[in-house]
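**Student:** Each chain is listed here by its residues.
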Amino acid sequence: MPQPPIYLDHAATTPVRPEVLDAMLPFFSAKFGNASSTHRWGREARAATDAARERIAACLGAQPDEICLTSGGTEADNLAVLGGWRVQQGTGRPALVTTPIEHKAVLASAHQAAREGGEERLIAIDATGVVNLDSARAHIRADVAVVSVMWVNNETGVFQPIAELATLAKAAGAVFHTDAVQAFGKLAVDARTIPFDFLSVSGHKFGAPKSIGAVYVRRGTALAPLFFGGTQDRGRRPGTENVPMAVALATAMELTLAERDAECARLRALRDRLETSLLACVPELVVHGRTAARVPHILHLSVPGTDSESMLMALDLQGVAASSGSACQSGSVTPSHVLSAMGVDAALGSAAIRMSVGKLTTDDHIDRVVALFPAVVRSARAMGGRFG
Amino acid sequence: MTARVLVAMSGGVDSSVAAALLVRQGYDVVGVTMKLFEDGAELPDRPCCSLDATSDARRVAEQLGIPHYVLNMVDHFSRDVIADFVAEYARGRTPIPCVRCNTFTKFSDLVAKADGIDAQYVATGHYARAVAGALHRGADDNKDQTYFLWGINRSVVPRLLLPVGDMTKEATRALARELQLPRVADKPESQEICFVPGGDYVQVLRRALGDSAPSLSPGSIVTADGHVIGEHDGFARYTIGQRRGLPGGSADPLYVVALRPDTREVVVGPREALLGTSLTAAGVNWLVDAPPRAGDEVQVRVRHRAPLAPAIVDHIDGDTVHMSLRVPVSAITPGQSAVLYDGTRVLGGGIID
Chain A
1 MPQPPIYLDH AATTPVRPEV LDAMLPFFSA KFGNASSTHR WGREARAATD
51 AARERIAACL GAQPDEICLT SGGTEADNLA VLGGWRVQQG TGRPALVTTP
101 IEHKAVLASA HQAAREGGEE RLIAIDATGV VNLDSARAHI RADVAVVSVM
151 WVNNETGVFQ PIAELATLAK AAGAVFHTDA VQAFGKLAVD ARTIPFDFLS
201 VSGHKFGAPK SIGAVYVRRG TALAPLFFGG TQDRGRRPGT ENVPMAVALA
251 TAMELTLAER DAECARLRAL RDRLETSLLA CVPELVVHGR TAARVPHILH
301 LSVPGTDSES MLMALDLQGV AASSGSACQS GSVTPSHVLS AMGVDAALGS
351 AAIRMSVGKL TTDDHIDRVV ALFPAVVRSA RAMGGRFG
Chain B
1 MTARVLVAMS GGVDSSVAAA LLVRQGYDVV GVTMKLFEDG AELPDRPCCS
51 LDATSDARRV AEQLGIPHYV LNMVDHFSRD VIADFVAEYA RGRTPIPCVR
101 CNTFTKFSDL VAKADGIDAQ YVATGHYARA VAGALHRGAD DNKDQTYFLW
151 GINRSVVPRL LLPVGDMTKE ATRALARELQ LPRVADKPES QEICFVPGGD
201 YVQVLRRALG DSAPSLSPGS IVTADGHVIG EHDGFARYTI GQRRGLPGGS
251 ADPLYVVALR PDTREVVVGP REALLGTSLT AAGVNWLVDA PPRAGDEVQV
301 RVRHRAPLAP AIVDHIDGDT VHMSLRVPVS AITPGQSAVL YDGTRVLGGG
351 IID
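Heads up: the protein sequence lines correspond to chains A and B, in order. FYI, our numbering numbers position 100 of the first sequence as 100, with every residue one higher than the one before it. FYI, our numbering numbers position 315 of the second sequence as 315, with every residue one higher than the one before it.
Calculated directly from the structure, the hints in this document are not laboratory data. Heads up, a few of these hints could be off.
[As the list claims (entries may be wrong)] Distance windows between CB atoms, simulated: (1) A:L21 / B:P67: 27 to 37 Å; (2) A:S211 / B:P182: 25 to 35 Å; (3) B:P182 / A:P5: 46 to 56 Å; (4) B:D353 / A:G388: 16 to 26 Å; (5) A:K104 / B:P67: 18 to 28 Å; (6) B:A87 / A:A114: 34 to 44 Å; (7) B:R183 / A:A346: 45 to 55 Å; (8) B:D186 / A:A124: 26 to 36 Å; (9) A:G388 / B:T277: 33 to 43 Å; (10) A:A114 / B:S55: 27 to 37 Å; (11) B:L308 / A:A371: 54 to 64 Å; (12) B:H304 / A:P374: 38 to 48 Å; (13) A:S29 / B:M1: 44 to 54 Å; (14) A:G388 / B:P310: 30 to 40 Å.
[Stated by the list, open to error] Far from chain B, some chain A residues (derived; all Cβ distances over 12 Å): (15) W41; (16) A57; (17) T91; (18) D134; (19) H139; (20) D143; (21) E275; (22) E309; (23) Q318; (24) H365; (25) R378; (26) A380; (27) R381; (28) A382; (29) R386; (30) F387.
For glycine and all other residues, C-beta sits at the position ideal for the given N, C-alpha and C.
Given the sequences, and given the hints that come with them, work out the whole structure.
**Tutor:** Have a look at this one:
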């Protein structure tokens, strides 16, 4: 009987926590009401969404009216970046500043703004994976509507100087957005201490279901909606409120924050041991972003002489789930735009794989992955060869 | 431990049924779909290799409960198959990219992948049979694909599993229905070259060579005795035996009988001028211990689906084989393959010079 598989892809998604599932279930059945209705069913649903919004706000150091619920991280990023840019057009701020290492949801929103007449500017990234502040200063000028820089990069786990960047943006009169999808639950995310105007989170990264996210909108920050319809969420995001998902997001955020310090310490120990042990058995292995400050759960590495696709296939056949930076729709692996922005050479960049520890990870998992890793590397190297 | 087999799944009926049969036979089956070229917006819906075909393959693998991976082999395929395809047309020949895909991509690069994952066997949906280290024609004479398989490394043959090679196409389709694979059972046949959108190979050449390439530039259409009877706009648009694109008006229909890339001439003649009684195959690969020798009688196929023609080996010079045909054969075309058979067994093959 083969051993059970090992999930090392928590940065991709996480299982729904049982407490979260329990909390949301009543709103599918007994408490099924529409939060916009005036009757008792409506009031019951309204009470749950109002409470959820307050709880979510509290987790972000925000006011309830600053929380806009979305279908997930992608919509949150689109709403902040594109909605924040569109609403400022005609005011002499055609530019949008972001970085080449953003999630596609931000990059594609910036491209869309460019198609609508905007000017897209990218801040340079240094070799460790951190934005270059001189480059940021050069790009963030009085003609900029929105600056969007992710808090934690989803491939490398490296985090960015968000407070400095937000301050630069504010000084130039721009609004500042940060994609905090990989940051929430790992770093202190508090609207009272860091002057971001928009911030995106995604529930399934920390134990809520897929398809629930939120964008924090600082009071007084204008935003053009992406959808048109009713007045739900102050017209920022029309559509019948998704009550169970709002409850799920609030519950998952609270649970995550309550255990943040202990869980981060546990994950850091697991990740660091994985990193050290893999380096010991494959010394030529390269850890991306190793010298920068990183979140505790992500290990992004390349083994010279392999490619991501072969590594992931060999790992999967051995029962280990990892991922590369980005997968195209057909399922084939494409080279990482993040690593190329960091100046990592193409061969090494095309060998990158990401292992991310989390709730499901145990010490035994780390031991097993380390034990089978040399064989995986041999497999992957053979796969890149040519028979005969 | 059950033997592992890597099966190349295109999303079509043949490789889907092949995978299903291997699962049924108890192998440890790993499915892969090779991504061979960039299928951007300029290549909408292709019968093979497209996103749709990849999702069909994935869906079949899901149904069969086997892992499925997409392997990006774009770089090697471009170098080994597409570049040669373009170069051959540019020098007035008519290449068969499927032969090189089998030789270099499927049965070399893919075999390395199989080695990497400790798969002893490699399987495809080809209509051919591998028996005791020998390659034989498929049971369905209409579907036999050995014409495209002569170039593979001989040491791969014992590792080949070709589950539909014993079946007719109709039986394969029927089995697909029986195996609950309706999604692929009635898919149309993919006859086109996978990387040529809409069958317009000239567009591929134009993109690779540029509009002003000699092979795509105007030249004369001439008769064998030197009379210019018209103009053409690129000899790469022509192949031996072709009638389309030639001037009409002559008493007997005209056919392309030769291409002269040096002078950019397309030579035409009557149907009889297409007949040939000898041929030379270069770059020959043998799939048998004792290849034929001068004086031996063999059967040769010079075009996909052409009848087998009896021939005598005149002489062999390294990997070049000169043969005489017992009866004249029409449209022996440089760049196509000459595949030698002994009964159903493939002896080897080469590229017609």
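**Student:** All hints, please: hold or fail.
**Tutor:** The hints, checked one at a time:
1. A:L21 / B:P67: 27 to 37 Å: Cβ of L21 (chain A) to Cβ of P67 (chain B): about 29 Å, so the range 27 to 37 Å holds.
2. A:S211 / B:P182: 25 to 35 Å: About 30 Å separates the Cβ atoms of S211 (chain A) and P182 (chain B), which means 25 to 35 Å holds.
3. B:P182 / A:P5: 46 to 56 Å: violated (31 Å)
4. B:D353 / A:G388: 16 to 26 Å: Given about 24 Å between the Cβ atoms, the range holds.
5. A:K104 / B:P67: 18 to 28 Å: Holds: the Cβ-Cβ distance is about 26 Å, inside 18 to 28 Å.
6. B:A87 / A:A114: 34 to 44 Å: Holds, since A87 (chain B) and A114 (chain A) (Cβ atoms, about 39 Å apart) stay within the stated range.
7. B:R183 / A:A346: 45 to 55 Å: violated (37 Å)
8. B:D186 / A:A124: 26 to 36 Å: violated (54 Å)
9. A:G388 / B:T277: 33 to 43 Å: Holds, at about 35 Å.
10. A:A114 / B:S55: 27 to 37 Å: With Cβ atoms ~31 Å apart, the hint holds.
11. B:L308 / A:A371: 54 to 64 Å: With a Cβ separation near 56 Å, L308 (chain B) and A371 (chain A) satisfy 54 to 64 Å, so the hint holds.
12. B:H304 / A:P374: 38 to 48 Å: Holds, at about 46 Å.
13. A:S29 / B:M1: 44 to 54 Å: holds (48 Å)
14. A:G388 / B:P310: 30 to 40 Å: holds (32 Å)
15. W41: holds (40 Å)
16. A57: Fine: 41 Å to the nearest Cβ keeps A57 (chain A) off the interface.
17. T91: Non-interface label on T91 (chain A) holds, nearest chain B Cβ at 35 Å vs cutoff 12 Å.
18. D134: Check passes; 37 Å lies beyond 12 Å.
19. H139: holds (31 Å)
20. D143: holds (33 Å)
21. E275: Check passes; 25 Å lies beyond 12 Å.
22. E309: violated (6 Å)
23. Q318: About 10 Å separates Q318 (chain A) from the closest Cβ of chain B, which leaves it inside 12 Å; violated.
24. H365: holds (20 Å)
25. R378: violated (8 Å)
26. A380: At about 7 Å from chain B, A380 (chain A) fails to clear the 12 Å cut-off, so the statement is violated.
27. R381: For R381 (chain A), whose nearest Cβ neighbour in chain B is about 8 Å away, the distance does not exceed 12 Å, so it is violated.
28. A382: About 4 Å separates A382 (chain A) from the closest Cβ of chain B, which leaves it inside 12 Å; violated.
29. R386: At about 5 Å from chain B, R386 (chain A) fails to clear the 12 Å cut-off, so the statement is violated.
30. F387: violated (4 Å)
In summary, the numbered hints that this structure violates are 3, 7, 8, 22, 23, 25, 26, 27, 28, 29, 30.
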